[in-house]
Amino acid sequence: MFFFYNNKKPRKFNYKPILYNPDKDEFNERVLKVKKELGAIEDTEFKPTIKGEFIRNTEHVRRKVSKEDDNPKSNTMRNTKLIIFLVVLIVIAYFMYFK
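Residue numbers (the working numbering): 496 to 594.
Accuracy of the hints is not assured; some may be wrong.
The list that follows gives simulated cross-link-like pairs (lysine-lysine, DSS-like), each with its CA atoms no further than 30 angstroms apart [said to hold, decoys possible]:
| id | residue 1 | residue 2 |
| --- | --- | --- |
| 1 | 519 | 559 |
| 2 | 504 | 519 |
| 3 | 519 | 507 |
| 4 | 519 | 530 |
| 5 | 576 | 503 |
| 6 | 504 | 594 |
| 7 | 528 | 511 |
| 8 | 531 | 503 |
| 9 | 576 | 507 |
| 10 | 576 | 511 |
| 11 | 531 | 559 |
| 12 | 503 | 559 |
Okay, the calculated beta carbon distance ranges per label pair [what the hints assert, rightly or not]:
| id | residue 1 | residue 2 | range |
| --- | --- | --- | --- |
| 13 | 545 | 589 | 56 to 62 angstroms |
| 14 | 583 | 559 | 40 to 46 angstroms |
| 15 | 552 | 584 | 41 to 47 angstroms |
| 16 | 582 | 502 | 29 to 35 angstroms |
Since the hints were derived computationally from the structure, they do not count as laboratory data.
Since the structure is predicted, the reported quantities are computational estimates derived from the model, not experimental observations.
Using N, Cα and C, we set each Cβ at its ideal position, and we do this for glycine too.
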């Protein structure tokens, strides 16, 4: 079976660096330098975190994660409905064939 009308197009390559922003890095370095000079933080306090950056900055993964969080039982419900539909269809076919 071929579907000629609703073919999905592949996603276009649109790479945006996720974790690198030179302006933000420069700003953070200046802020750290000033805070160290004022004694607000020590050298060991600052630890950059990258946990969750990929999911937060990629749209298709974020949508998939949000769908899973919203309704984790959707696949089970879909399969249950399909099984019920098939059973009803088999019962109808049985009665039409033998009566």
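- Message: Please verify whether residue 504 and residue 594 have alpha carbons no more than 30 angstroms apart.
- Response: With Cα atoms ~49 angstroms apart, residue 504 and residue 594 exceed 30 angstroms; violated.
- Item | Restraint check for residue 528 with residue 511, where alpha carbons must lie at most 30 angstroms apart | 28 angstroms, holds
- Item | Proposed proximity, residue 503 with residue 576 (alpha carbon, max 30 angstroms) | Since the Cα atoms of residue 576 and residue 503 sit roughly 26 angstroms apart, the hinted pair holds (cutoff 30 angstroms).
- Task: Starting from the range 29 to 35 angstroms, see whether the pair residue 582 and residue 502 falls in it by beta-carbon distance.
- Result: Once the Cβ atoms are compared, 33 angstroms apart, the range 29 to 35 angstroms for residue 502 and residue 582 holds.
- For residue 545 and residue 589, compare the CB-CB distance with the range 56 to 62 angstroms and indicate the outcome. 59 angstroms, holds
- Task: Quickly compare the C-alpha distance for residue 503 and residue 559 to 30 angstroms and report which way the hint goes.
- Result: 18 angstroms, holds
- Message: Just to be careful, I want the Cα atoms of residue 504 and residue 519 compared with a cutoff of 30 angstroms; is the pair within it?
- Response: Given that 30 angstroms is the threshold and the Cα spacing comes to 35 angstroms, the pair is violated.
- Hint consistency between residue 576 and residue 511 [alpha-carbon to alpha-carbon, up to 30 angstroms]: 41 angstroms, violated
- residue 559 and residue 583 - C-beta distance against the hinted 40 to 46 angstroms: 32 angstroms, violated
- Message: Checking one constraint from the list: CA of residue 531 to CA of residue 559, max 30 angstroms. Satisfied?
- Response: Measuring from Cα to Cα gives roughly 41 angstroms; hence the hint is violated.
- Is residue 519 close enough to residue 507, meaning Cα to Cα at most 30 angstroms? Status holds; Cα separation ~27 angstroms.
- Has the given pair, residue 519 with residue 530, been kept, meaning a C-alpha gap of at most 30 angstroms? 16 angstroms, holds
Going through the hint list in order, the structure does not satisfy hints 2, 6, 8, 9, 10, 11 and 14.
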